[in-house]
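A.B. asks: Protein chains in written order, with the working numbering: chain A, 1 to 113; chain B, 114 to 225.
Since the hints were derived computationally from the structure, they do not count as laboratory data.
Bear in mind that the values here come from a model prediction, so they are computed numbers and not experimental data.
Don't take each hint at face value.
Claimed, not checked - Below, a list of computed lysine-lysine pairs in the DSSO-like style, where the Cα atoms sit at most 27 Å apart:
1. A:K41 with B:K184
2. B:K184 with A:K44
3. B:K169 with A:K40
4. A:K41 with A:K19
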Amino acid sequence: DTAVSQTPKYLVTQMGNDKSIKCEQNLGHDTMYWYKQDSKKFLKIMFSYNNKELIINETVPNRFSPKSPDKAHLNLHINSLELGDSAVYFCASGGPGPGGTQYFGPGTRLLVL
Amino acid sequence: DQQVKQNSPSLSVQEGRISILNCDYTNSMFDYFLWYKKYPAEGPTFLISISSIKDKNEDGRFTVFLNKSAKHLSLHIVPSQPGDSAVYFCAALGGSNYKLTFGKGTLLTVNP
Numbered sequence: 001d002t003a004v005s006q007t008p009k010y011l012v013t014q015m016g017n018d019k020s021i022k023c024e025q026n027l028g029h030d031t032m033y034w035y036k037q038d039s040k041k042f043l044k045i046m047f048s049y050n051n052k053e054l055i056i057n058e059t060v061p062n063r064f065s066p067k068s069p070d071k072a073h074l075n076l077h078i079n080s081l082e083l084g085d086s087a088v089y090f091c092a093s094g095g096p097g098p099g100g101t102q103y104f105g106p107g108t109r110l111l112v113l
Numbered sequence: 114d115q116q117v118k119q120n121s122p123s124l125s126v127q128e129g130r131i132s133i134l135n136c137d138y139t140n141s142m143f144d145y146f147l148w149y150k151k152y153p154a155e156g157p158t159f160l161i162s163i164s165s166i167k168d169k170n171e172d173g174r175f176t177v178f179l180n181k182s183a184k185h186l187s188l189h190i191v192p193s194q195p196g197d198s199a200v201y202f203c204a205a206l207g208g209s210n211y212k213l214t215f216g217k218g219t220l221l222t223v224n225p
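Okay, chain A solo, but in the shape it has when bound (with noise of 0.2 Å):
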């Protein structure tokens, strides 16, 4: 039983193009968050959503937008795609109460040449 699911894993695309990736998670968490991982390995948080609603938004460029379908649900949608965007993407659920335990999906490899 997959607890927070990512799609795709890898995702190779040329700069310019627009690329969406899909986050699910069956925790029944409230609350769930995407983050960058660069390449100096630094793990960051772009965006939390609680029960559909933005809460955060870390000074992420607008070409990205977060879409919230349903609490279960954070896709990540990229518009034209620059070569610092290649990155791994973390989609994660749960917190941020006490302990702010947060389970994270197996990440989004994105290439961008």
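Chain A is already provided as a structure; the job is to place chain B on it using the hints.
C.D. replies: Just chain B, lined up with the frame of chain A:
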């Protein structure tokens, strides 16, 4: 501005010995501290956490110590096993937007 720092990019330990992973932070408003473990090509998995009002939390072979005055925490793994070989991320919860802030990670290698 790195609020959570893991200054050792890697650590190598013999099986059966103690592994000590360190983490420093700068924001005294953090409420909780967590350790995550990450294997290659997988997402981070939660390992253990500690509230800022405690100084120690133990779970099996894993113990986290918090020294608030030094703004320092450490993860002890005893005894270390080869399956513990992974990247360990220290994370802190709190601050603006009450979010998780991660360190850069420490690659632990446990040699048989």
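A.B. asks: Next, verify each hint and record whether it holds.
C.D. replies: Okay, the hints, checked on the actual structure:
no., hint, in the structure
1, A:K41 with B:K184, "23 Å, holds"
2, B:K184 with A:K44, "21 Å, holds"
3, B:K169 with A:K40, "31 Å, violated"
4, A:K41 with A:K19, "22 Å, holds"
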